[in-house]
Amino acid sequence: EADIYQTPRYLVIGTGKKITLECSQTMGHDKMYWYQQDPGMELHLIHYSYGVNSTEKGDLSSESTVSRIRTEHFPLTLESARPSHTSQYLCASSSPYRGRAQGEQFFGPGTRLTVL
Amino acid sequence: DAKTTQPPSMDCAEGRAANLPCNHSTISGNEYVYWYRQIHSQGPQYIIHGLKNNETNEMASLIITEDRKSSTLILPHATLRDTAVYYCIVRVANRDDKIIFGKGTRLHILP
Chain S
47 EADIYQTPRY LVIGTGKKIT LECSQTMGHD KMYWYQQDPG MELHLIHYSY GVNSTEKGDL
107 SSESTVSRIR TEHFPLTLES ARPSHTSQYL CASSSPYRGR AQGEQFFGPG TRLTVL
Chain Y
8 DAKTTQPPSM DCAEGRAANL PCNHSTISGN EYVYWYRQIH SQGPQYIIHG LKNNETNEMA
68 SLIITEDRKS STLILPHATL RDTAVYYCIV RVANRDDKII FGKGTRLHIL P
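Residue numbers (my numbering), protein chains in the order written: chain S, 47 to 162; chain Y, 8 to 118.
Calculated directly from the structure, the hints in this document are not laboratory data. Please read these numbers as outputs of a predicted model, since none were measured by experiment. Incorrect hints may appear among the rest.
As the list claims (entries may be wrong) - Below, in silico cross-link-like pairs of lysine-lysine (DSSO-like), each with a Cα-Cα straight-line distance of 27 Å or less:
#: 1; chain 1: S; residue 1: 63; chain 2: S; residue 2: 103
#: 2; chain 1: Y; residue 1: 10; chain 2: S; residue 2: 64
#: 3; chain 1: Y; residue 1: 76; chain 2: Y; residue 2: 10
#: 4; chain 1: S; residue 1: 103; chain 2: S; residue 2: 64
#: 5; chain 1: Y; residue 1: 110; chain 2: S; residue 2: 103
#: 6; chain 1: Y; residue 1: 110; chain 2: Y; residue 2: 59
#: 7; chain 1: S; residue 1: 77; chain 2: Y; residue 2: 110
#: 8; chain 1: Y; residue 1: 59; chain 2: Y; residue 2: 76
#: 9; chain 1: Y; residue 1: 10; chain 2: S; residue 2: 103
#: 10; chain 1: Y; residue 1: 110; chain 2: Y; residue 2: 10
#: 11; chain 1: Y; residue 1: 76; chain 2: Y; residue 2: 110
#: 12; chain 1: S; residue 1: 64; chain 2: S; residue 2: 77
As the list claims (entries may be wrong) - Listing some non-contacts, in silico: residues in chain Y with all C-beta distances to chain S over 10 Å:
#: 13; residue: 18
#: 14; residue: 33
#: 15; residue: 38
#: 16; residue: 51
#: 17; residue: 67
#: 18; residue: 68
#: 19; residue: 72
#: 20; residue: 76
#: 21; residue: 104
#: 22; residue: 110
The C-beta atom is built at its ideal place from N, Cα and C for all residues, glycine as well.
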């Protein structure tokens, strides 16, 4: 079983608020990822990290930012939330040495964000 | 990584085998075929992967054509819980890197 956690699971917040979505994994994985997905639509990679102090932008431009100060923690921050940020945010991690397929990604349960 | 083409949706009767096709005509020799699925609003889950030989595990079977330009994921006895979006992904072997999920195939299992 994958041990990757996201909090909160659901968040409803007003426009202009600063929010941080938490993602933690206890598997010691070096690589972590953030995906954004609207209902019924594709998953889009918005951020990823190869390890501590490494962050890269994904294929979909996002106004969010991420940090990777500890291996197990990869939080995503929106400085000023807007209705266009309403979406589901999924966190994942992987390791070349773990999983049934090299580089298998393990996903958290997701955070469903609604900005009013 | 090579691109893949999948039908947008498919139906399958409960208890029957579900056969999900995937075309990857530009696949390179060192690229594997991976399958993931995403059950409603959950994170995607790994199912199976292969290079050129057919593969089987407790979840599914993967049939790859001899020229490796297409493959089929088989769920031998589909249940309602198999209703999900199935993603076919082609990736370089031994590469632990970001995955680009396409649109996938939305599989509906009919009671």
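Tell me, in ascending order, the numbers of any earlier hints that this structure violates.
Hint check: 2, 16, 21, 22 fail, others pass.
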